[in-house]
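Colleague: Below, each chain spelled out in residue letters.
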Amino acid sequence: MIEEIGRTTEGDVMINVGPQHPATHGVLHLVITINGETIKKVEPHLGFIHRSIEKMCESLSYRQFIYVTSRMDYLSSHINNHACALCVEKGLQVEIPSRAQVIRVLMDELTRIASHELWWGAMAMDLGAFTPFFHAFRERESINDIMEETCGARLTMNYMVPGGVMQDIHPNFQRRVKDFIRLYKSKVNEYDELVTGNIIFQNRMKGVGYLSPEDAISYGCTGPPARGSGVSCDIRKLYPYEIYDQLEFDEILETGGDSFARYMVRVREMNQSIRIIEQLIDNIPEGDFQAKTKAVLKLPKGEFYQRVETARGEFGVYIVSEGGTTPYRIKFRSPGFSNLSALDHMVRGSKLGDLVAMMGTLDLVIPDIDR
Amino acid sequence: MFIVKYIKEVFSGLKSLAIGLRLTLYYFTHHKEIITQQYPDNRETLNLPERFKGEVVMLHDENNEHACTGCTACELACPNGTIKIITKFDIATDGKKKKALDKFVYHLELCTMCNLCIVACPTDAIKMAQTFEHSVYDRSELTKILNKPGSEIREGVE
Chain A
1 MIEEIGRTTE GDVMINVGPQ HPATHGVLHL VITINGETIK KVEPHLGFIH
51 RSIEKMCESL SYRQFIYVTS RMDYLSSHIN NHACALCVEK GLQVEIPSRA
101 QVIRVLMDEL TRIASHELWW GAMAMDLGAF TPFFHAFRER ESINDIMEET
151 CGARLTMNYM VPGGVMQDIH PNFQRRVKDF IRLYKSKVNE YDELVTGNII
201 FQNRMKGVGY LSPEDAISYG CTGPPARGSG VSCDIRKLYP YEIYDQLEFD
251 EILETGGDSF ARYMVRVREM NQSIRIIEQL IDNIPEGDFQ AKTKAVLKLP
301 KGEFYQRVET ARGEFGVYIV SEGGTTPYRI KFRSPGFSNL SALDHMVRGS
351 KLGDLVAMMG TLDLVIPDID R
Chain B
1 MFIVKYIKEV FSGLKSLAIG LRLTLYYFTH HKEIITQQYP DNRETLNLPE
51 RFKGEVVMLH DENNEHACTG CTACELACPN GTIKIITKFD IATDGKKKKA
101 LDKFVYHLEL CTMCNLCIVA CPTDAIKMAQ TFEHSVYDRS ELTKILNKPG
151 SEIREGVE
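Those protein sequence lines, which keep their order, are chains A and B. Start counting the first sequence at 1; every next residue gets the next number (my numbering). Start counting the second sequence at 1; every next residue gets the next number (my numbering).
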C-alpha cells in the first residue's frame, strides 16, 4: 500500500472537494485521489478568487495600494497594511513617531488574537463541534467593536498609512482594550474545557498530519505550521520590526509536528499577544500619530522588501521602484500559499476523514492564497 | 490488556465530554451571560461609532452651503475612481471668473470605504456617514450627486 501512494493505480477514485467547502473561508477546490478511504494524492486547484492584486497595485500610488492588501488576508488586514506601510517607509526613509509605533503594534496583536479566535472556532466546527464557534466569536466581537471605534471598520480597516496611522486612537480605546483583556482572561479557561481537554478532539488531532521540520522548511512553511514542527521562524523575534525587540514575549514552539501541535501553537500564541498588549496599553507615549510626509509620495529608484509576521506566517512585500509615483512591480509573499503546498505531503497515506483536521490547522485564507 | 485500555479510554472520553457539557449547561441556565446581537432594527436609537465608514456624504449647513472648492484632491486620492468632480466657472460680482463645484458625483458601488478622500480633503467638506444599508433595486441608484441642488460654497472657504 505504502509504495502505491502517490501513483494512480486501478481502483483509485478521484473526488472533488469544493469549491464550496466549509473548512475554508473562501473557495478552494481540492482534487483528491483515494483508494478505499486512504488518500493518495491531493491537488489544490486555485484561481477561483484571483483578482490580480499585484497587477492592480502597479497602477495605484503608494498611499492607495495599501487598502488592497486588506482584501488579501482579510483576517489579519492590519498586519498586511502594516507590512506595506513599513516597506514604503523604508523607501522614503521617514522616522515614525513612537506613538504611532505603539498603536501599530497594539493593533497588530489585537488582530492576531481576533484571527486566532476565528480560526479556533472554525477549527472546532470543521471537526463537528458547533458550540465553540460562538464562544470564540463572543471574544472576537469585542475586538471588532474596538476596531470599529478607532479605525471605522470591522474587517478591512486601512488604518496604517505611510508615516504612521490614519487617525489617533479613540479616547475609549485604552479602557475598552483593558475590558477585553479582562474578558479574555476570564473566558480562556472555557477553551480548554470545551475543546483542548476533550479526549475525542485530542484523538482526532494527535498523530494526524505529521510534518517534519525538514519538510516544513523545504515547503516554505512559516507561522504556526512551521512552529508546530519545531522550526523557529517568528519574524518578530528573528528580524524585529517596529518595537518588537523591546517587548517581552516568547516564541511559541511545539515539537509534535502534528495537527495538535499546530493547534497548541495558536492557542498559546493568543496568550503571548495578550502579554504584549498588557505591556503597551498603559504606556502609549504622547506625541504625533503620523509623521509629516509629502502629499505625493515618490520612492527612490531601487528595490525594497519588508517582512512581517501575520497570524498565518511570514508576509512579505517586495516593491520595485523606478522613481515614480507608482511602483514598477509589487510582489506579495503570502503565508497561505506556502502552507497550502505542504498539504499534499501531509495528507498522503492518511484517511479521508482526517483531511479536514489537517486543512483546518493550516488556517487557510483563500483570498490570501489566490490574491 | 487491550480491553482495559479501551475501557479506560471510553471513560476518560466521557469525563472530558462531561466537562465540556458542564459549560454548556452553565450557559443554558445563565441566560444573562449569553450575548446574542440582533440585527439593528432600532435605526432611530442606534449609535454607531462616529468613525464608522458607511458612505461619503457632503456636509451642508443650514444656508445650504458646503465647503467644497472643487480642488479634486479627493478624486486624485481615490484608488477606484469612485469620485468624479465636475466644475463650472462662476462669474463673480467684480467680473472675474472663479472655479466652483458643479457636481460631486459619487459612485457608491465602486467605493471601498478606505477613508483616503476624507483625509485628503483640505477643507473638510466631506465626511463618512454612519449608514450601513446600501442595497437598492437598480444599480443606477448607487450613483449619487453629493452636493444638494442649489447649494453654494460657503463664504471664506478657499
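Keep in mind the hints are simulated off the structure, nothing from the lab. Careful: at least some of the hints might be erroneous.
Claimed, not checked - Cut-off 27 Å, straight-line C-alpha distance, at most; resulting in silico cross-link-like pairs (DSS-like, lysine-lysine):
| id | chain 1 | residue 1 | chain 2 | residue 2 |
| --- | --- | --- | --- | --- |
| 1 | B | 98 | B | 32 |
| 2 | B | 32 | A | 185 |
| 3 | B | 98 | B | 148 |
| 4 | B | 98 | A | 206 |
| 5 | A | 331 | A | 55 |
| 6 | B | 32 | A | 206 |
| 7 | A | 351 | B | 8 |
As the list claims (entries may be wrong) - Computed footprint of chain A on chain B, listed as stretches where at least three residues anywhere in the stretch have a Cβ under 8 Å from a Cβ of chain A:
| id | region |
| --- | --- |
| 8 | 60 to 70 |
| 9 | 98 to 104 |
| 10 | 133 to 147 |
Yeah, the Cβ is synthetic: ideal placement off N, Cα and C, and Gly gets one too.
Colleague: Next, verify each hint and record whether it holds.
Modeller: Verification of the supplied hints:
1. B:98 <-> B:32: This hinted pair is violated, its Cα atoms lying about 63 Å apart.
2. B:32 <-> A:185: 19 Å, holds
3. B:98 <-> B:148: 20 Å, holds
4. B:98 <-> A:206: With Cα atoms ~74 Å apart, residue 98 of chain B and residue 206 of chain A exceed 27 Å; violated.
5. A:331 <-> A:55: Cα-Cα ~9 Å, so holds.
6. B:32 <-> A:206: Measuring from Cα to Cα gives roughly 37 Å; hence the hint is violated.
7. A:351 <-> B:8: Since the Cα atoms of residue 351 of chain A and residue 8 of chain B sit roughly 25 Å apart, the hinted pair holds (cutoff 27 Å).
8. 60 to 70: violated (count 0)
9. 98 to 104: Coverage by chain A is violated for the region 98 to 104 of chain B (0 residues, Cβ < 8 Å).
10. 133 to 147: violated (count 0)
When held up to the earlier numbered hints, the structure conflicts with 1, 4, 6, 8, 9, 10 and fits the remainder.
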